Amino acid sequence: DIVMTQSPDSLAVSLGETATINCKSGQSVLYSFNNKNYLAWYQQKPGQPPKLLIYWASTRESGVPDRFSGSGSGTDFTLTISSLQAEDAAVYYCQQYYNTPRTFGQGTKLEIK
Amino acid sequence: VQLQESGPGLVKPSETLSLICNVSGGSINSYYWNWIRQPPGKGLEWIGHIFYSGGTNYNPSLKSRVTISMDASKNQFSVKLTSVTAADTAVYYCAKEFDRSGLRWFDSWGQGTLVTVSS
Chain A
1 DIVMTQSPDS LAVSLGETAT INCKSGQSVL YSFNNKNYLA WYQQKPGQPP KLLIYWASTR
61 ESGVPDRFSG SGSGTDFTLT ISSLQAEDAA VYYCQQYYNT PRTFGQGTKL EIK
Chain B
1 VQLQESGPGL VKPSETLSLI CNVSGGSINS YYWNWIRQPP GKGLEWIGHI FYSGGTNYNP
61 SLKSRVTISM DASKNQFSVK LTSVTAADTA VYYCAKEFDR SGLRWFDSWG QGTLVTVSS
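Residue numbers (the working numbering), protein chains in the order written: chain A, 1 to 113; chain B, 1 to 119.
Hints were generated in silico from the structure; no laboratory data involved.
Some hints could be false.
Here are the simulated lysine-lysine pairs, DSSO-like style, with alpha carbons at most 30 Å apart [stated by the list, open to error]:
| id | chain 1 | residue 1 | chain 2 | residue 2 |
| --- | --- | --- | --- | --- |
| 1 | B | Lys80 | A | Lys45 |
| 2 | B | Lys74 | A | Lys51 |
| 3 | A | Lys24 | B | Lys42 |
Looking from chain A toward chain B, a few residues come up when the C-beta cut is under 10 Å (computed) [claimed, not checked]:
| id | residue |
| --- | --- |
| 4 | Ala19 |
| 5 | Tyr38 |
| 6 | Phe68 |
| 7 | Gly107 |
For clarity, every value in this text was computed on a predicted model and none was experimentally measured.
Cβ atoms here follow ideal geometry from the backbone N, Cα and C, with glycine treated the same way.
This is chain A alone, in the form it adopts within the complex:
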């Protein structure tokens, strides 16, 4: 299994500031044949299913504000949320779809100060 490790477990960031969440995979999730990273980011609010934010490590899902951006390659990835708004308070998960079993990071809880 590919272990996905997120850091930090939680963070509190002021309204309007930038939050950075890191995700490290236990092995590379980059396929050399297409040079794509098989890594997605999701946002989950209480009582709701996860919502897709980012796929291919850096491609924003349709309808997701451009305040959300993803970066990284191989084993190290980052989700950056700029100009934080109150509605961004949630738990964020990274997930690899490089192989099965699909695995998720443990989640990072973002609080807006």
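Got chain A sorted already, so can you dock chain B onto it with the hints?
Leaving out everything else, chain B in the frame of chain A:
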């Protein structure tokens, strides 16, 4: 595509958990269809998936107890988990993968259904 889980909310220890995911707005004869669970207050665990040909892949941690199947005539797929314990108490989600390739993200999720294992 919309997905909706249904099934008993309470299952007794050692019995079998059975859930159905009803798919609307698209054909189940395309894509990969997944089950994912989330224990209360914890993270997400992939259970397994079934694809359009009927083939399946399961999480090795659950493989001996889980079966995912599909009923194309009803446009639904299901999960059965045998010999459940309290550790199987979770919100169970069904989810669709983006396309037929088998290596894609989850782009549609059901709302989830809480299953509690208790006598």
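Evaluation of the provided hints:
no., hint, result
1, B:Lys80 <-> A:Lys45, "holds (27 Å)"
2, B:Lys74 <-> A:Lys51, "holds (26 Å)"
3, A:Lys24 <-> B:Lys42, "holds (19 Å)"
4, Ala19, "violated (19 Å)"
5, Tyr38, "holds (6 Å)"
6, Phe68, "violated (15 Å)"
7, Gly107, "holds (5 Å)"
Checked against the numbered hints above, the structure violates hints 4 and 6; every other hint is satisfied.
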